[in-house]
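Number of protein chains: 2
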Amino acid sequence: MQLTFLGTGTSVGIPVIGCDCAVCRSTDPKDKRLRSSVYIQTPEFAWVVDTGPDFRAQCLRENIRHLDAAIFTHPHMDHLTGFDELRRFTVDVDQFMPIYGTPECLAVLERMFEYAFNGENRYRGYLKPFPKPIHGPFHLGETTVTPLPVQHGKVVTIGYLFTRGGRKLCAYIPDAKTISPEAMELIRGVDTLIVDALRHTPHPTHMNFEESLAVVSELKPRQTWFTHLQCEIMHAVEDPKLPPGVNLAFDGLQLRWNDEG
Amino acid sequence: MQLTFLGTGTSVGIPVIGCDCAVCRSTDPKDKRLRSSVYIQTPEFAWVVDTGPDFRAQCLRENIRHLDAAIFTHPHMDHLTGFDELRRFTVDVDQFMPIYGTPECLAVLERMFEYAFNGENRYRGYLKPFPKPIHGPFHLGETTVTPLPVQHGKVVTIGYLFTRGGRKLCAYIPDAKTISPEAMELIRGVDTLIVDALRHTPHPTHMNFEESLAVVSELKPRQTWFTHLQCEIMHAVEDPKLPPGVNLAFDGLQLRWNDEG
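Those protein sequence lines, which keep their order, are chains A and Y. Reading the first sequence from the start, the letters are residues 470 to 730 in my numbering. Reading the second sequence from the start, the letters are residues 470 to 730 in my numbering.
Treat the hints with care, as some may be off.
[Unchecked claim] Below 27 Å or equal to it, Euclidean Cα-Cα: the simulated DSSO-like pairs (lysine-lysine) are: (1) Lys689(Y) with Lys710(Y); (2) Lys710(A) with Lys689(A); (3) Lys689(Y) with Lys499(Y); (4) Lys601(Y) with Lys623(Y); (5) Lys501(A) with Lys501(Y); (6) Lys597(A) with Lys623(Y); (7) Lys689(Y) with Lys637(Y); (8) Lys499(A) with Lys710(A); (9) Lys601(A) with Lys637(A); (10) Lys597(Y) with Lys623(A); (11) Lys710(Y) with Lys499(Y); (12) Lys501(A) with Lys499(Y); (13) Lys623(A) with Lys499(A); (14) Lys601(Y) with Lys637(Y); (15) Lys601(Y) with Lys499(A).
Hint data in this document are derived by calculation from the structure and do not stem from the laboratory.
Please model the complete structure; the sequences and the hints are all you need to start from.
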């Protein structure tokens, strides 16, 4: 399995429009953060987690040519508004794109992109989504995908655990303030944790570094990557200060697991 | 008055995801086309026409720091999905952003971005739109804005004529298959025409070069810029072939009118 970080930023991306802070003016590519999303490839199946506003730019940057499904964490704009760009992955094959999310999340997508769901427009170039409401673990190819409900302020968002051949390869939790004991149990023993770590300062709906490091201390994954980073965080300054095995993710970073043997 | 082309491309942008044509592989910056939009500045007021998927990238590229209003041509995704990015222009001033469009267009925005309109969320960082349904000419500062209903396949879209000091400076019509005699009368005598000209090949909902050139022949504006260009059109090849006074627009192009005297 291979994972590519399409974006590692907050809802407004970095640089932030109109912001003159040192990170927003930084020329370090690792300080350029599009909205949080990952692209996962396995030998038999490829999918994206969330289609935020930067989805087209992310596909072009990473030369993404193939997509079998899209899965969604929650219906906030920074995870949804690139939804229509999915059409490029169905135009030539005239097939439907499976989209996985909670019934509540799919309802928001259906409200926002009503023309794609109403069955009236079957023009070849238009997006044809196939809603797949999630109620528990499901499979994408040979990967078991376990939804991880986590608290994100007043709302629940879904993190995802990806398991292959019985090995918990990766948990991806981009938007969380707290991770429930139940979710912690599900991901215990995970090889790689990718987790919301907005900044140092506390925030009402996101974990800060201190809170995320507490999760790392309890789970002790082999490696941890912080994501959904705000412009308070300069990569070159903050990454070296993190404990061993914990790093800041950045756009374009690729992770690989040797899980085919 | 000054106009900046934020984007000059079709609904999928150029390069197109997964397309290997010569234009999508071109390294000429004039062949990179984000979704169609323009930013207009006058001494007293600044606005954008449409907030498509690339709105954040366009604001960053052009270093847009100030926006007094957004006006919309029609509720297709390539003109709307960047709507939430408008929040960066109200966050520091705690004011509402006037948004102008037909009642039908505003209804789609309200359905898609319901959280911004429902009056429940007044968190400082969130978008606070102020819907302004259009039923005829209106004013943005000292500019008179005349809606130009035009046919775009089965739907009507709104082009806009911008008049200052009695001079018809510019008509912007990015999505049209035909321009009605009534709209032609409104824009007769315009200095600058910016008009949909998708490609050479005919299309059911957009004017091709031949159709757009027929409009130019009738109106005889001082200058004409073709926009909403598909990847069939390579700038360096096609621009020199156009008649005098007619050119292909490109992202970042700025037009100025000396209308303050």
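Status of each hint after checking the structure:
1. Distance hint between Lys689(Y) and Lys710(Y) is fulfilled; the C-alpha atoms sit about 18 Å from each other, no more than 27 Å.
2. In summary, the hint linking Lys710(A) to Lys689(A) is supported, as the alpha carbons are separated by about 18 Å, within the 27 Å threshold.
3. At roughly 25 Å between alpha-carbon atoms, Lys689(Y) and Lys499(Y) fall within 27 Å of each other, so this suggested pair holds.
4. Between the alpha carbons of Lys601(Y) and Lys623(Y) the distance comes to roughly 24 Å, so the proposed pair stays at or under 27 Å and holds.
5. With a C-alpha separation of about 20 Å, the suggested pairing of Lys501(A) with Lys501(Y) holds against the 27 Å cut-off.
6. Taking the CA atoms of Lys597(A) and Lys623(Y), the gap is near 20 Å; set against the 27 Å cutoff, the hint holds.
7. Annotation: proposed proximity of Lys689(Y) to Lys637(Y) holds, straight-line Cα distance about 13 Å (limit 27 Å).
8. Among the hinted pairs, Lys499(A) with Lys710(A) is consistent with the structure: their alpha-carbon atoms are about 16 Å apart, no more than 27 Å.
9. For the suggested pair Lys601(A) and Lys637(A), the alpha carbons sit about 23 Å apart, so the restraint of at most 27 Å is met.
10. Proximity of Lys597(Y) to Lys623(A) is assessed by CA-CA distance (about 21 Å); at most 27 Å being required, the pair is judged to hold.
11. In summary, the hint linking Lys710(Y) to Lys499(Y) is supported, as the alpha carbons are separated by about 16 Å, within the 27 Å threshold.
12. Distance hint between Lys501(A) and Lys499(Y) is fulfilled; the C-alpha atoms sit about 24 Å from each other, no more than 27 Å.
13. Only pairs whose Cα atoms come within 27 Å are accepted, and Lys623(A) paired with Lys499(A) is rejected, the gap being roughly 31 Å.
14. For the suggested pair Lys601(Y) and Lys637(Y), the alpha carbons sit about 23 Å apart, so the restraint of at most 27 Å is met.
15. At roughly 41 Å between alpha-carbon atoms, Lys601(Y) and Lys499(A) are farther apart than 27 Å, so this suggested pair is violated.
This entry does not satisfy hints 13 and 15, going by the numbered hints stated previously.
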